[in-house]
Amino acid sequence: MAGLAQAEIQTTGSGGPFGRMARRQYAALVVMRWRMVTNNLRSVQGAFEIGARGIGLIIYTIMGIALGFGLGGGAYSIMKTGHLQFMPVLFWTVFLVWQVLPIALASFQEQFDLNGLLRFPVGFGSFYLLNLVFGLVDVPTILGGICSAGILTGITLARPQLFFKAACVLALFALFNILLARTVLAWVDRWLAKRRTREVVSAIFLLMMLSLQLLNPALRSEAHFQQPDKVTTKDNQQKFMNRFRGWTKNAHALEAWLPPGLAAAVVAEPQEGTPERSMMSLGILGLYVLATGAVLGVRLRAEFRGERLSEAPAARKRNESDTKWVLDGSGPIAAVIEKELRTIPRSMPLLFAMGAPLLTVLVISTLFKNGAMGGRPFQLAFPLCVCYALLGFTQLIFNNLGAEGTGIQMLFLSPTPIRTVLLAKNLLHGALFALVACLAAVLATLRLGQPDLTLLAITAAWVLFALPTNLAAGNLLSLTMPYRVNLGRVSRQRGSQASALVSMLIQAFVMGFGVGALEICSYLDKRWLAAPVLLALAAVSLVVWMQVLAKADSLANRNRENLIATLAKTE
Amino acid sequence: MPGACVTLLSLPHMETAAIQTHGLTRCFGALTAVQDVTFTVAAGQFFGFLGPNGAGKSTTIKMLTGLLEPTAGTIEILGKPFTASALDLKRQIGVVPEGMALLGRLTAPEYLRFVGRMYGLERETVNRRTEELLEFMQLADERRKLVTDFSHGMQKKLALAAAVIHGPRVLFLDEPFEGVDAIAAGMLKTMLQGMINRGATIFLTTHVLEIVERLCSHVAIIHQGRLVANGSLAELRAGVASTLPGSESEQRLTLEEMFLSIVGASAQEQTQELSWLA
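Residue numbers (my numbering), protein chains in the order written: chain A, -2 to 568; chain B, 16 to 293.
One should not assume that every hint holds.
What the hints assert, rightly or not - Here are some of the chain B residues that sit facing chain A, going by a computed Cβ distance under 10 Å: (1) 81; (2) 83; (3) 101; (4) 104; (5) 107; (6) 126; (7) 134; (8) 163.
Honestly, the hints are just simulated from the structure, not real lab data.
Backbone N, C-alpha and C define an ideal beta-carbon position, used for all residues, glycine too.
The whole structure should be built from the sequences, with the hints applied where relevant.
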């Protein structure tokens, strides 16, 4: 009988990724995913989650359509006017959308970990194909796809005879982007799997951010030293333009051999009348696709063979540092803070999320400084830079139990009330936010100049209002809408669109209040009044936060089963 | 081994009930997972709580340890109602729950220290017990490894270490021997027996009936959410034997035979139906 069963498996097991058995497996997976969606609708949180995901997709689609319209208009204009040298800009934009967004959105994307399928008789071809296809309806692909469609439409409207060629190039370019995004995330997960590597990468990342922040003031001071006061602004602009042309010339030489440049070169060919060059560009683009696919294949092959991303460094004898406590005191608050302090540095996504706002501060302060707001000084520049720091803490604050995993049971089993656990987490997150906010304030001051005392006071008052509001809402959301987070992974996370949506709404509410108070008081010609108004709101939010903490245990007990089921469930 | 447990029955601390439930019921929607379960575990007992898969063992443990709220019924641990004295009781109980409740991103010493501090132990006590437990559980060489990278057996040992670090008076163990190698299992049995000798109470669920037979003085069997047997091994043996033909069968009855007889399962019949299996 066993022989018969084995024979059946062998018969159906052949046929590669498109064979009979593979097709059955794909069908089973589709049904499984569909069942998971419908089963999610059984609970209110699940239904809310799906609703929020739908809303998120609509929002991203609208954003994509807006961007696609812009790129389409650009493509049309370039083809009509013959300024084909600008075509690579469009392809680079699509490339950036496709490659940068997956990392930025990694924590909000629900991705199915296909390694779980390896216990079944799945062939490598099927495994590879599934890795490509699964998660294809994600935000970067939607945005990238719409942008590509926009470019295709623009080119076709300008030159209908180019439709087929442009469609082929864009399809190949899209395939390259999908492969590259998958490859990067797969290898990043591999590299960051080892704790030592992760620590090194984290250190490099932080150093890089600091260097970037310090580089600009350094360059500015050098430029200031080199330019005598009598040199006019016009001369400076001329010098800058000359230097900029030099940079772009060098960059263009390199860019022409990279996939976005190659794709653009193929589309731009008819105007220059060099079909051989066009074919060569297409060929090299194809080689890029194959090479990227092969690099992804190496990684997936290792996973297919059962490689386990090991955390294990070599065993080491006990040393003195093992017994040291980061935080003294034996109380549970110290215990929770110490646990968090040991956990956070081991999570690259969290470090990235906390540090990234500083990079944003660099960018937006440059925009404000260069008069992006119509040339007039932007009074909200300084507070906006500070409030960006808060955005990095969204995931940490609004899902503060997400990383506990099965450990959530320990929290319920221990004699420590959940409110104490939340208080400890809030204290740490508040302190970390204060640190990042101070860094952002210092950077903004370096970039934009010292803010006047009134604005400084208003910003401080806003922070005092925003932080407890975020913490209170975060505690409520963490207890009622938790989702499990794997702190060691950049990709293949289970995110929560519902939680992301609610947290964004709360951020919009908090920032709206701040901006509203400032604008109204400015309109009344009593800008200073915004500070006491925000302080009054801060007092209210502080009371609300304390109330939420006071009720945390009863709320946690009411949601205990959901919390344990969600956070302690097996992947 | 059962003999040793029987000796403990005569100790003075046995007079107090360590665990007492009355009419314990838990429903999940239309499904009643545990129905009207009433039993008492005397202090110092090694109590085996058995049942087939899905019988309601883990649900019962979750209710007893405060992870799950009963739909009906009462629970008393060490003479106090759980709902009214939850925090106080949690200091006195230790649990290895179904999912082990570990924190994967910490190392074993970090996790044990965290748990010790959550139970309010002093710094020196936490450090000392952490080292002792790591040595005892043979995890000392793995101190730099993250828990997420531990094998299943190592995780079980760590979960057990965490459950006892605060010296609980009542210990709840949900499948503690699952995935643990024979050497470690022997070591754990010795440790648990030592705890019993010092007056602790252990509430154990496991599918390894041989371990129950060797360690436990009392056994309860739950089937389809209802308690179908409760008593000492001798009482169970006598009860089952009375339903079987021939009086001499009582002495030869193993716990497995008693268990199968009580829950009415016939595994052989089920496998025979799967004719395509070897």
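The hints, checked one at a time:
About 7 Å separates the beta-carbon of residue 81/B from the nearest beta-carbon of chain A, less than 10 Å, and the hint is met. Given hint, residue 83/B at the interface with chain A, holds; its Cβ is 6 Å from that chain's nearest Cβ, closer than 10 Å. Hint status for residue 101/B: holds, given a least beta-carbon distance of 8 Å to chain A, under 10 Å. Against a cut-off of 10 Å between C-beta atoms, the interface hint on residue 104/B holds, since the closest Cβ of chain A lies about 8 Å away.
Using the Cβ-Cβ criterion of 10 Å, the hint placing residue 107/B at the interface with chain A is satisfied: the shortest such distance is roughly 9 Å. Checking residue 126/B against chain A: minimum C-beta separation of about 8 Å stays under 10 Å; hint holds. For residue 134/B, the suggested interface contact is upheld, since its CB lies about 6 Å from the closest CB of chain A, less than 10 Å. Annotation: interface hint on residue 163/B holds; nearest CB of chain A at approximately 6 Å, less than 10 Å.
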